[in-house]
Amino acid sequence: MPRWLRWTWIVPAAFLAVFLAYPLVVLARTVLAEDAPSTALHRLVAPSLWQVAGLASVQALLSTALALAVGIPLANVVSRYRFRGRALAQALVTVPFVLPTVVVALAFRTLLGTGVPQGFALVVVAHAYVNLAVVARIVGAQWSQHDPDVENVARTLGASRWRAFVDVTVPSLRPAIASSAAVVFVFSFTSLGIVLLLGDPMTRTLESQVLRQTSVLLDFPGAAATALVQLVLVTTVLLLGAAAARRSPTRRLRPVALRPLPPTRSGRMALRATVLCAYVIVLAPVLALVSSSVRAEGRWSLVWWQSLGAVDAGTTRIGSPASALATSLGFALVTALIAAVVGGLAAIAVVAPGRARFVAVIAMVPLGVSAATLGLGTLLAFGRPPLDLRGTGALVPIAHALVAVPLVVAVVAPALRSADARALAVAASLGARPTRAFLTAFGPILRVVMIASAGLAGAVSLGEFGAASFLTRAGAPTVPVQIVRLLGRPGEQSVGVAAALAVVLVLVTLTLVLLIDRLGTSARRTA
Amino acid sequence: MSTQRLETRGLALGYGGAVFARGIDLSVQPAEIVAILGPSGSGKSTLLGTIAGVVPAMAGRILVDGVDVTDLAIHRRRIGLIFQEALLFGHLSVLDNVAYGLRRHGAPRDEARDRGRELLAWVGLAGYESRRVGELSGGQAQRVALARALAPQPAVLLLDEPFSALDLDLRQRLASDVAQMLRDQGVAALHVTHDPGEAAAVADRVVSLADLSS
Amino acid sequence: MKDRTAILVTVVAGTLLLSACAAGATPEPSTPAAVSGPVTSPSTDVPAGDASTVRLLTHDSFAVSEDLIAALKAQTGIDLEIVTGGDAGTMVAGAVLAAGAPTADAIFGVDNTLVSRAVDAGVFDPYVSSGIDSVVPELRDDTAAGTVTPIDYGDVCVNIDDAALADRGLAAPTTLDDLVDPAYRDLLVVEDPGTSSPGLAFLLATIARYGDGWQAYWQQLRDNGVAVAGSWTDAYLGQFSGGGDGDRPLVVSYATSPPAEIVYAADPKPTEPSTSVMTDGCYRQVEYAGVLAGAQNPEGARAVVDWLLSEQVQADVPLSMFVFPARDGTALPDVFTRFAATVDSPLQLPADDVAAGLAAWLADWGTTMGR
Chain A
29 MPRWLRWTWI VPAAFLAVFL AYPLVVLART VLAEDAPSTA LHRLVAPSLW QVAGLASVQA
89 LLSTALALAV GIPLANVVSR YRFRGRALAQ ALVTVPFVLP TVVVALAFRT LLGTGVPQGF
149 ALVVVAHAYV NLAVVARIVG AQWSQHDPDV ENVARTLGAS RWRAFVDVTV PSLRPAIASS
209 AAVVFVFSFT SLGIVLLLGD PMTRTLESQV LRQTSVLLDF PGAAATALVQ LVLVTTVLLL
269 GAAAARRSPT RRLRPVALRP LPPTRSGRMA LRATVLCAYV IVLAPVLALV SSSVRAEGRW
329 SLVWWQSLGA VDAGTTRIGS PASALATSLG FALVTALIAA VVGGLAAIAV VAPGRARFVA
389 VIAMVPLGVS AATLGLGTLL AFGRPPLDLR GTGALVPIAH ALVAVPLVVA VVAPALRSAD
449 ARALAVAASL GARPTRAFLT AFGPILRVVM IASAGLAGAV SLGEFGAASF LTRAGAPTVP
509 VQIVRLLGRP GEQSVGVAAA LAVVLVLVTL TLVLLIDRLG TSARRTA
Chain B
8 MSTQRLETRG LALGYGGAVF ARGIDLSVQP AEIVAILGPS GSGKSTLLGT IAGVVPAMAG
68 RILVDGVDVT DLAIHRRRIG LIFQEALLFG HLSVLDNVAY GLRRHGAPRD EARDRGRELL
128 AWVGLAGYES RRVGELSGGQ AQRVALARAL APQPAVLLLD EPFSALDLDL RQRLASDVAQ
188 MLRDQGVAAL HVTHDPGEAA AVADRVVSLA DLSS
Chain C
20 MKDRTAILVT VVAGTLLLSA CAAGATPEPS TPAAVSGPVT SPSTDVPAGD ASTVRLLTHD
80 SFAVSEDLIA ALKAQTGIDL EIVTGGDAGT MVAGAVLAAG APTADAIFGV DNTLVSRAVD
140 AGVFDPYVSS GIDSVVPELR DDTAAGTVTP IDYGDVCVNI DDAALADRGL AAPTTLDDLV
200 DPAYRDLLVV EDPGTSSPGL AFLLATIARY GDGWQAYWQQ LRDNGVAVAG SWTDAYLGQF
260 SGGGDGDRPL VVSYATSPPA EIVYAADPKP TEPSTSVMTD GCYRQVEYAG VLAGAQNPEG
320 ARAVVDWLLS EQVQADVPLS MFVFPARDGT ALPDVFTRFA ATVDSPLQLP ADDVAAGLAA
380 WLADWGTTMG R
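Protein chains in written order, with my numbering: chain A, 29 to 555; chain B, 8 to 221; chain C, 20 to 390.
None of these hints come from the bench; they were simulated from the model.
Ideal Cβ placement from N, Cα and C applies to all residues, glycine included.
A few of these clues could be false.
Claimed, not checked - Per the computed footprint, the stretches of chain A lying under chain C, defined by three or more beta-carbons under 8 Å from a beta-carbon of chain C, are:
#, stretch
1, 211-225
2, 244-257
3, 398-410
4, 507-513
Excised from the complex, chain A in its bound form (with noise of 0.2 Å):
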């Protein structure tokens, strides 16, 4: 091992020391300050707090078997096989993952209609819709490595095609499965926006209790409470998954080529008829939105997409769509800089001896951390003099790789923990030095994982809406706050216009993902 791999732990440490403790610690430092100590235990245990705390770790885990059902196979189909519209399909798994959330709900509500009760299983749907594309990536990232072959000699040895399934390929995907499932589980565990736009009276989450603590009732001690809770489980969540996919199996380093499809039919329409799900499954609420959006008064109509440029020109109440997309589309770029180079540090830690390794969970800790609060925590350290970073506009594509970083981690860390060390022993015999023979090693298997994780971190920051929402000078909005606010008042217009601004949303996203697996692709090629 070269020696600087000791201290790449260094720089993600640093960043999230700067951006997350630091932030989290002079919140506290202002809000505990009102409450003594025995107060505090007191909110930590009350009933009514981990009342939710269960009913939101049932919800989330339900969503996350969903989420794994539906995402397990189609990461087999959109990861391994050669076939015409490979590209759209991965691409398309994403746009759901990236979409504000209010727009999913919004077209939720429309492709459903009034007939599906809110509630409960809605959330659950809405949740593992939203998160079908953490399984797809980052399981199929590491089955496009594994080699079919050894099931077939599984098969040989006596396993049906079930039995082969379970015995080999779910242990050589375990590290990406519990990664990811880790991933979905906390999603789901720390929802807003999905569970107030989608839920009922008894599904909420310890996010939402958070939002009512700061920003109606104003008790911040109780918040930190909350929040605090949130913070351990969704910890002892982390370590739980990290534990999971620590202990894998040894496999080839290799990317595996793409496949044709399997010569046999049956086989083929088992994969055409889940290509074809996926497109149903992704689809239906995207077309729900378009049509949304080319109607108006009832009739197909182009009105709110000519009006797009001409929105309340002339005030500041929701800006050109224009210079939004291209705020979004800076943001985005930045994001995916800082959120490639810090998560990519981060999981290459897992590979690097001795505690480093500790820094790739310590990276997936941002998900635990209750946006509102470090929102909150984030205006206060960096958004007022001496410290100004909002002029700077670093913030929100600072609060987005926050946001990223645990994803690349989880997409990097699983694809290089079960890289061969082998290899790496094979290139240093050979004499090449421990730089040389790491990049031999880890090298492309690196950068392809390196280019879909930087791709995911910006389609993630062209998406969110909650931290752009108070970080942001209003002048320059971002398309989702944009959509945001149109869909904060009456009127047709709101919902046409808001649709019409999704659908760019979503034809930007695409664009983007598209663009990024393509590179990713010829990355694999070289490798």
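Add chains B and C to chain A, keeping to what the hints say.
Just chains B and C now, with coordinates in the frame of chain A:
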């Protein structure tokens, strides 16, 4: 009834609709090692894949011990398979890799492990039982793969360029070792290779793929 | 791109240094100054707002015409920079946490449910605009004892999809009491008061009306099939039949929603809105502006509060934010005079009562509604 371990009648090979060899009649006697020689890309792997059931036959029949297995699933054909790479199960110990096939055929855990130990000793890897497969060298891994493939006592063992990923020196040593081991066990085997030297060293009979197809 | 990267690198390096300093410093007593951020380092010192820049902290539904901002600059030399702090509640939460060392100079959008909490937390540097004398009489004294200036007001009322009700052969409800009539079973959607501002206003309206009997009223609402949405967007655009594809003809929204329906309709605009407002049981929301305590530019902040109450901005308020201007005699746009409901006797609770009772009310509401 035939006394052949393996027999193909008028077998046609293809992939994804394209047929690239047809009319293959091939037989392997009990305890016979047959080598099939052909340049890479000539369809040798497809032949083995078709016999094993990984690739469907475009036409013709495949018989194992006289039973038509053409329409049987892979795991019911009693055929063992060894590839260029060992493809061991990374999450299992060396011993559990070897015992895997026995477990799938219903052997109790202890019995499967006992038999696994015998086989490991037989391929010269006694003492490696609890090793992780990542710690094995390429030659060792291929020996484990052999033990694993033979454990459930397949009617026929198919070997697809099993030594070509190894160094020349190791390749020759292992090839003769394996041939000897197969003979000791009386296993019928079909061995494909592009290397005439290896074919001659290992097999009782060498046929060229080009001669087989009509 | 390169510039951004350079900025980032500088920022990361600088803040690293700073947080090291901060970590080293012993925690000071918890005065506001203790959270005002670490010592300045020359490398990252963003130029502190020069005298001409005023930062206005506001919620994300704030809007104003751009030429008014330009006019402000032309008249006073003030560069107005609008910073959004999330929704109204989150914005106030941020302001309370930063009280004494604020993230802006002036604030707009604190409403009457939260204003007393903000005042108690020391958010404001007391200032009432000199224009207060021109404000409508009922708001003239509404300044939290000389601390803030009322800028606009609006009413949260039940909105009605008249056609949908007529289809069911029902007359429009006219009072809060009507809503528990079995005839209106399963027809009303309200917002969760714990997560939505109009939802909270509606809860306060029922408390103002029924006093201790409010829980009994909600019990009846519940038995009558009221739906609770998590947000205004879901209630109005999702579940209300008059605002989207929903199937409930009654929703808690604003007295100004009908004119907004016209303004934001597709061309050609309909001549009349399809929704109307039940003018009983409305809760009055007032929005205030103020100068933030510890502002870098208090003078400019005061000028911006005055500007918000100026004739021009007040005239812009109705169509920018769909609220009524506080300034008396401000000419209202035609669509407002014709379709916005005038509420003669809105319900209101004293701000101090709200501050004291809110937590318990929300908890009790949760119990009543089975949350």
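Hints versus structure:
1. With 3 residues bearing a CB less than 8 Å from a CB of chain C, the stretch 211-225 of chain A meets the requirement of three and the coverage assertion stands.
2. Note: the stretch 244-257 of chain A has 5 residues with beta-carbon separation from chain C under 8 Å; the three-residue rule is met and the coverage holds.
3. Residues of the stretch 398-410 of chain A with a Cβ under 8 Å from some Cβ of chain C number 7, which satisfies the need for three, so the listed coverage holds.
4. Here the stretch 507-513 of chain A counts 3 residues with a CB under 8 Å from a CB of chain C, which clears the bar of 3, and the coverage holds.
Against the hints set out earlier in the document, no violation occurs for any number.
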